[in-house]
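**Student:** Take these sequences, add in the hints, and give me the full structure.
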Amino acid sequence: MDFKLTETQEMLADSVRQFVRKESPVSRMRALREDERGWDPAMWKRFGEQGWIGILYPEELGGFGGSMVDLMVVLEQLGTTLVPEPMIESAVLGGLPVLYAGNDAQKSRLLEPMIAGQTSLALALTEAETRYHVNLVAMEARRDGDKWILNGEKRFVPNGQAADHIVVVARTSGKPGDAGGLSLIVVPRDAGGLEIKNLKGMDGRRYANLGFSNVAVASENLLGEEGRALHIVERVLDQAAAAACCEGSGIAQTLLLMTVEYLNTRQQFGVPIGSFQALQHRAVDMFVEVELCKSAAILAAVDADADDPLLRQASVSTAKAQLASGGTYVSHQATQLHGGIGVTDEHDLGLYFKRMHVLNTLFGDERHHTERFASLGCFEKEPGERVEVAEPSA
Amino acid sequence: MDLSFTPEQQQFRADVREWIQSAMPPEIKRKAEQWQHYTHDDTMAWHRILHKQGWVAPHWPKEYGGTGWDAARQFIFNEELIRANAPQIPPFAIYMVGPLLVEYGSPEQKERFLPKMLSGEEYWCQGYSEPNAGSDLANVQAKAELQGDHFIVNGQKTWTSHGQYADWIFCLLRTDASGKKQEGISFVLVDLKNTPGVKVVPFITTGGMPSFCDTYFEDAKVPKENLVGPLNGGWTVAKALLGHERIAISGIAETERMIRWLKRQASETRVNGHRLIDEPSFRAKIARLEMRLKPLRISQLRTLASLQAGKSPGPESSILKLRGTELQQNAFELAMELMGHNSISWFNDDAVPPAQFMVPSMHNYLRAATIYGGSNEIQKNVIAKRILGLPG
Numbered sequence: 000m001d002f003k004l005t006e007t008q009e010m011l012a013d014s015v016r017q018f019v020r021k022e023s024p025v026s027r028m029r030a031l032r033e034d035e036r037g038w039d040p041a042m043w044k045r046f047g048e049q050g051w052i053g054i055l056y057p058e059e060l061g062g063f064g065g066s067m068v069d070l071m072v073v074l075e076q077l078g079t080t081l082v083p084e085p086m087i088e089s090a091v092l093g094g095l096p097v098l099y100a101g102n103d104a105q106k107s108r109l110l111e112p113m114i115a116g117q118t119s120l121a122l123a124l125t126e127a128e129t130r131y132h133v134n135l136v137a138m139e140a141r142r143d144g145d146k147w148i149l150n151g152e153k154r155f156v157p158n159g160q161a162a163d164h165i166v167v168v169a170r171t172s173g174k175p176g177d178a179g180g181l182s183l184i185v186v187p188r189d190a191g192g193l194e195i196k197n198l199k200g201m202d203g204r205r206y207a208n209l210g211f212s213n214v215a216v217a218s219e220n221l222l223g224e225e226g227r228a229l230h231i232v233e234r235v236l237d238q239a240a241a242a243a244c245c246e247g248s249g250i251a252q253t254l255l256l257m258t259v260e261y262l263n264t265r266q267q268f269g270v271p272i273g274s275f276q277a278l279q280h281r282a283v284d285m286f287v288e289v290e291l292c293k294s295a296a297i298l299a300a301v302d303a304d305a306d307d308p309l310l311r312q313a314s315v316s317t318a319k320a321q322l323a324s325g326g327t328y329v330s331h332q333a334t335q336l337h338g339g340i341g342v343t344d345e346h347d348l349g350l351y352f353k354r355m356h357v358l359n360t361l362f363g364d365e366r367h368h369t370e371r372f373a374s375l376g377c378f379e380k381e382p383g384e385r386v387e388v389a390e391p392s393a
Numbered sequence: 000m001d002l003s004f005t006p007e008q009q010q011f012r013a014d015v016r017e018w019i020q021s022a023m024p025p026e027i028k029r030k031a032e033q034w035q036h037y038t039h040d041d042t043m044a045w046h047r048i049l050h051k052q053g054w055v056a057p058h059w060p061k062e063y064g065g066t067g068w069d070a071a072r073q074f075i076f077n078e079e080l081i082r083a084n085a086p087q088i089p090p091f092a093i094y095m096v097g098p099l100l101v102e103y104g105s106p107e108q109k110e111r112f113l114p115k116m117l118s119g120e121e122y123w124c125q126g127y128s129e130p131n132a133g134s135d136l137a138n139v140q141a142k143a144e145l146q147g148d149h150f151i152v153n154g155q156k157t158w159t160s161h162g163q164y165a166d167w168i169f170c171l172l173r174t175d176a177s178g179k180k181q182e183g184i185s186f187v188l189v190d191l192k193n194t195p196g197v198k199v200v201p202f203i204t205t206g207g208m209p210s211f212c213d214t215y216f217e218d219a220k221v222p223k224e225n226l227v228g229p230l231n232g233g234w235t236v237a238k239a240l241l242g243h244e245r246i247a248i249s250g251i252a253e254t255e256r257m258i259r260w261l262k263r264q265a266s267e268t269r270v271n272g273h274r275l276i277d278e279p280s281f282r283a284k285i286a287r288l289e290m291r292l293k294p295l296r297i298s299q300l301r302t303l304a305s306l307q308a309g310k311s312p313g314p315e316s317s318i319l320k321l322r323g324t325e326l327q328q329n330a331f332e333l334a335m336e337l338m339g340h341n342s343i344s345w346f347n348d349d350a351v352p353p354a355q356f357m358v359p360s361m362h363n364y365l366r367a368a369t370i371y372g373g374s375n376e377i378q379k380n381v382i383a384k385r386i387l388g389l390p391g
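These protein sequences, in sequence, are chains A and B. So the first sequence is numbered by numbering that gives the first Met the number 0: it starts at 0 and just counts up by one. So the second sequence is numbered by numbering that gives the first Met the number 0: it starts at 0 and just counts up by one.
Some clues are possibly wrong.
No farther apart than 35 Å at their CA atoms in a straight line, the calculated lysine-lysine pairs in the DSBU-like style are these [what the hints assert, rightly or not]: (1) Lys115(B) / Lys192(B); (2) Lys220(B) / Lys109(B); (3) Lys380(A) / Lys28(B); (4) Lys3(A) / Lys115(B).
Think of the hints as simulated: they come from the structure by calculation, not from any bench. Quick caveat: nothing in here was measured; it's all calculated off a predicted structure.
**Tutor:** Below you can see the structure in the form of structure tokens.
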């Protein structure tokens with residue numbers, strides 16, 4: 000048992016903390032809300048130079064060869080000032096499917112430039128009917144000679160508006176609901192027949208609805224084995240959910256700090272409002288949830304890398320539900336304790352409030368993760384009892 | 000970061016688990032398996048077994064009869080006792096007054112009292128609360144006047160857990176009413192069985208059991224040498240105890256055990272032709288409880304890791320009692336829901352499955368979990384000021 004950050008992790012946390020304070024205060028994110036891309040390629044490049052994008056990637060691709068805990072340290076800090084560059088969207092969601100399923104040439108071609116901050120990626124998964132279930136993907140890709148032809152629609156694709164390459168989860172056999180038959184196909188953003196509709200997110204970031212009409216890509220754009228993408232995508236989604244818990248923990252901590260500072264300075268009835276017991280207890284209730292969000296982020300980050308999928312799923316669902324309940328509680332109470340100013344667009348609090356909602360919704364909300372946790376094969380077993388997990392067939 | 004215990008610690012856990020099963024007498028084992036109530040005699044029998052093994056007070060310094068185990072081993076040992084549903088060793092001697100005597104007691108006091116706490120020959124209770132000193136503990140009024148070699152004690156203590164079984168009580172008594180409330184309190188040990196003028200009267204809680212007593216003192220003569228620490232220095236002595244037990248009082252292992260109970264009972268309970276555990280809404284409630292407990296256990300392990308490293312626990316430790324006791328109550332609320340009509344049964348033999356017999360009583364009793372050991376509202380006052388830095 001060890002909860003200490005290593006010396007390297009401490010240094011990483013320090014450098015990100017100083018970097019974001021100096022280079023990316025909340026005002027920067029506020030301004031980028033008006034930007035069509037939602038983030039700044041020059042800043043992304045600097046992330047690449049710092050080595051942050053490549054934390055989860057092996058050194059031979061220019062990465063850091065690190066763990067989700069290393070990434071946690073970075074994301075927590077990025078959350079404190081709502082840094083909008085697509086760390087979760089591209090460095091986790093878009094890139095990891097390539098790392099897990101791609102061949103050497105694909106990895107080198109797609110990941111090396113992303114890790115350097117020259118390009119970004121996206122994962123196109125969600126459809127009108129999927130909600131959070133990967134196996135419900137209906138969008139089809141069919142083989143036509145040496146090409147894949149894609150038809151269908153993807154919704155709210157994080158970083159879909161900006162990604163140079165989009166990793167599409169498509170059905171190459173079977174029907175929605177089947178575990179087998181899902182494949183990963185890389186589509187460049189300039190592919191003919193791909194329509195990208197830029198969408199605003201509540202959090203000031205951009206998303207995209209993607210329309211595919213007879214989009215044709217070369218057969219070597221298939222990542223990994225045809226029809227066996229389910230477990231890969233589920234694993235990546237768990238890592239993205241863990242990453243959301245880490246960023247969300249940084250946001251929750253910041254909301255508490257802002258609130259305590261406000262309680263100590265705002266005067267009413269001739270005293271700081273933080274001297275009122277009703278408000279003190281509310282602040283302590285926030286503190287409890289903040290501490291639990293921190294613990295949940297640790298749990299998710301450590302177990303997101305676990306080999307045992309049941310352990311990974313149980314821990315990530317637990318953590319994501321904690322963020323959804325506790326993080327929401329913190330953002331709601333922060334607003335309440337700030338009074339009227341907390342519901343204005345002018346005050347930064349609302350920016351954190353909105354990002355918290357988005358993080359809680361992406362990659363599964365409280366309802367979804369409770370349901371998933373309750374249906375895990377280990378739910379009715381004694382701790383330590385063995386459970387078999389089946390591989391999906393193509 | 001690493002969330003798992005070391006191989007040595009895991010082996011220690013396995014050894015302790017095996018020992019507990021082999022050491023439990025058949026009658027205690029039967030009660031453990033059926034979730035039956037333990038009598039005071041059961042508890043003391045188990046106390047003697049632990050004592051014989053040298054494990055009744057693992058956290059005491061070795062020279063006073065402790066084990067020399069580090070924080071992690073103490074924690075694992077305690078978790079295993081709870082997991083096995085073994086009788087719970089009452090905290091008053093082993094966790095409260097014992098460690099205080101080790102720290103503040105005179106050599107004579109240590110020699111006189113500690114061995115019999117360990118052996119269980121002398122049973123202890125706590126005399127802090129009074130009718131008008133609850134959350135405002137420094138307001139104690141029961142007084143001790145020094146007359147020659149004796150204190151003359153007058154007044155009332157209440158919420159004296161297990162007072163009816165106790166041989167001794169450790170008290171906070173008013174020895175000076177002139178200055179600040181906290182500065183006129185002394186820590187005094189009183190022989191309950193052999194002091195004329197002391198009367199212990201048990202009362203029944205909503206749990207239906209005589210869990211607490213009122214303790215009355217009328218001109219009770221207590222030898223001066225029963226004072227622990229300096230005269231009027233009792234507040235400091237008592238305060239050393241608060242926070243001692245942040246890890247244990249949270250009830251996290253108890254709630255883990257209760258979740259196992261919930262899953263097992265829900266899979267044995269049929270409603271409308273299906274197992275209750277297969278009813279999605281009920282299954283989700285159990286799941287959500289388990290999911291709320293897990294991050295708290297990580298917080299507990301973070302606290303443990305600090306202790307293990309010889310550091311004082313960080314702010315995360317202060318939430319353990321707050322949230323832990325709430326979850327403990329939630330678990331019993333869910334148990335009552337699971338039981339349906341069985342939950343109105345009040346100590347009826349053979350009316351409900353044996354494992355459900357004590358649940359209504361425990362459900363009611365545990366409403367006290369958010370009150371005892373410093374009510375959760377008092378804890379929040381303390382956190383607001385000491386950790387969040389809000390105005391006092």
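**Student:** Sort out whether Lys109(B) lies within 35 Å of Lys220(B), counting only the CA atoms.
**Tutor:** Holds, because 21 Å separates the two Cα atoms, which is no more than 35 Å.
**Student:** Within 35 Å, alpha carbon to alpha carbon, are Lys3(A) and Lys115(B)?
**Tutor:** Cα-Cα ~41 Å, so violated.
**Student:** Does Lys28(B) sit within 35 Å of Lys380(A), going by the straight-line distance between their CA atoms?
**Tutor:** 22 Å, holds
**Student:** Is Lys115(B) within 35 Å of Lys192(B), Cα to Cα?
**Tutor:** With a Cα-Cα distance of about 15 Å, the restraint between Lys115(B) and Lys192(B) holds, given a limit of 35 Å.
Taken one by one, the earlier hints fail for this structure only at number 4.
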